[in-house]
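Engineer: Below, each chain spelled out in residue letters.
There are 2 protein chains.
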Amino acid sequence: MSEKAKKQIYKPRPISGFPEWLPEVRAVEQNWLDKIRAKFESYGYCNIETASVEELEVIAAKGEDVDKEIYVLERLQAEMDNNGGDKKEARLALHFDQTVPFARYVAQNFNNLTFPFKRYQMQKVWRGERPQVGRMREFYQCDIDVINVDNLPLAFDAEVAAICYEALASLDIGRVQLRVSNRKILLGYLDECDLDYDLHQDVLRAIDKFEKIGKGEVRKILIDEIDMNDIEAEQIIRFAECKLSAKDFYSKISEYVGLETNSLLQDGVEELGKVLQQLAHLPEGAVVADLSIVRGLDYYTGTVYETQLLDVPEFTGSVCSGGRYDDLAGSYINKHLPGVGISIGFTRLFDVMRQHGKLPEGAKSPAHVLMYTEDKALSGDVAKTAQTLRARGINVEVYYTVKKWEKHFKYADNKKIPYIWYVSADGHKVKDLATGDQGEADPNTWEPAK
Amino acid sequence: MSEKAKKQIYKPRPISGFPEWLPEVRAVEQNWLDKIRAKFESYGYCNIETASVEELEVIAAKGEDVDKEIYVLERLQAEMDNNGGDKKEARLALHFDQTVPFARYVAQNFNNLTFPFKRYQMQKVWRGERPQVGRMREFYQCDIDVINVDNLPLAFDAEVAAICYEALASLDIGRVQLRVSNRKILLGYLDECDLDYDLHQDVLRAIDKFEKIGKGEVRKILIDEIDMNDIEAEQIIRFAECKLSAKDFYSKISEYVGLETNSLLQDGVEELGKVLQQLAHLPEGAVVADLSIVRGLDYYTGTVYETQLLDVPEFTGSVCSGGRYDDLAGSYINKHLPGVGISIGFTRLFDVMRQHGKLPEGAKSPAHVLMYTEDKALSGDVAKTAQTLRARGINVEVYYTVKKWEKHFKYADNKKIPYIWYVSADGHKVKDLATGDQGEADPNTWEPAK
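Taken in order, these protein sequences are the chains called A and B.
The first sequence maps to residues 359 to 808 in the working numbering.
The second sequence maps to residues 359 to 808 in the working numbering.
Don't read these hints as lab results, they were simulated from the structure.
The list cannot tell twin chains apart, which means a pair is met if one copy fits it or any two copies do.
Straight-line alpha carbon distances no greater than 16 Å define the calculated EDC-like cross-link-like pairs of lysine to aspartate or glutamate that follow: (1) K774 x E399; (2) K482 x E407; (3) K482 x E496; (4) K369 x E413; (5) K632 x D606.
Please model the complete structure; the sequences and the hints are all you need to start from.
Structural biologist: Structure representation (structure tokens):
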């Protein structure tokens, strides 16, 4: 065929870091996202979506180095024109997390929000990483945060943790462990140390690596690079080793936290104890105090969290992290707005489960029933029956191609549609593909098995 | 306070074309998207999501001029480095619709899909338009398409139309009218005309403007610019004037379609008649045959649709459009893959309804109940009661700040949370904020009013 011969074919390749799933995998992803959303809403958190882009200045206003992994947008037209017409417009960058957009949104809509403002957000974020195995450049995050004016009750620190724990526990991913700390404990201790304030972040960064590089290497960093004395370095390591169950916290914390003269440290211990107490209703082992948790980001000021999948050792790192911040939106509005929040790194979690064959099997079709007739004259009956079932909440796919038996049977089997509904001049029959049972059916009363 | 004085505030501005909603508006948007999704699934269409980006080559492979409204991505890092390291990578562009990504996805996953492949897709798309009132640069589209190998039954042309009609009818937007045509009618007629083949698209483009510029202007274009003779131009205008109810179609179509010697034209009339017949179950006035509908895009080859909101005259243009194409994925795979599909321009529809105050009132919180105690010692009881209710599917927000009566009352009222649940040493009481009724309640049995 000359038409086909003429055709230029461009064979598309997968784009590194931009994951896409087959329908049956997407069905599982959608189901997980639905479950997380339902959990967030069950606690009364409202949803927002922010634009996919921020002005570069907004990101820069956070005061940190502008992240180098940011994707900026260019209009192809502007490039083609090569004119300066667009230069006056602010440059737009795809958001790389949901925290900066949330802070900006709160500042911008301050007068139209009710505080404490409790929101969840489940969008894609983008990071312009170099292509590399396992590195994602587009992924879903599922965030919840509470933000309030001037003061935010500590009870929210426990609430957001409980919500995320429950959200993860509702997925089929085995045991989940929430590891909680409070930065005030370490920061309070560091206040007492003979150490430049500038070096505090370096100490936190060293502790952050505790699990990865081990006690000896951390000690080396503290003493050789940060110039701590031996006693102080030992105490820091003692902190990092502190892992207590919620039950043991009050009786054993003093073994790890020696100094009790610093009020910030004391506040931290008290806050951590209260948060653990409020999480006591979660299952045994669901929550531990772990003073090695510090989180890399500067803005956390109190409670910090990480979450480990105990039954998925392949997933190193935290699946869900966050903490309390004193003043998140301060770059955008002259108000004091403390908050606390957690983010589930959804796509990374999902993809690890997928790669290790730990996802449940998903359906290729949401249909409960495949409807079929061999008699074209009955297509009106087919349409009406399908409508009756749909109105009753049963998803019905109609198989339009009139072909021999095996074809539509194979189609239903391929798509894992559980029932075939036959319309014929003799009436309606339903076949259960799992059991092979077949019988007459009335569209007004028939129900699929649960 | 010196800290505050030091603080640099960057006041963020809205970004033109990137809409964002307050929580109560987003709640309505989410509800609408849920309804559309449920409708799509009720017909057995599976969901897919594609990456937000495509390689520029993939877009270019479609053979049309690369769209100038495309946003291309640049890594900020690459710009900073100013090195050529990234040059080897394909350039990435944000997708500007869901049709190109769908075609590419089908080609790429061909061996893992079951055909006919029926999918829906509800994602954001981006167009790098110049900032201008009403122009959106980021918006949701809700698409359904069916694609098959070699042949696709005409029944799907009616099915996708019915689904989109029902999806729109399930929203609170008044009467919806689906306008259907079949391009074969016009193309068949044009085959008989004494006209260069190259000019056929120009004729379609002229008809497309029929409603906007009127009969006289269209005649002028046909005769002066396209060089048609008077008789042919009159027939074209006669086509464009043809608007028939499904009921009248067979009896009256011959008044508009004079020539019956062309087989393509005859096929078109027959197909259009069958599609209308299959849509006869929809309410009176829901569907009309309208031969002025041609759709601008080249790839449509048969049925074409547009949809009008009859009760929202502010919304000019079509809220939901699509058609049948002979070979959509032909640029990416050497198979013959005909398809039919429709796309709802969701955000545009939503925003017009919003701007005209025609949205239903949305809730600021998904909570059914605000739970509250004045006695901090009872916070364990509060937590347990809230958990009991949540496990029963009731969304519960806990008000943690212990403040005087008016505060939490005002909070519930602001967020339109319908019930306040009081926990005290005397037991549990629930207040219905709409009626003012208050009474004792058992968390194991209590239900909110529907």
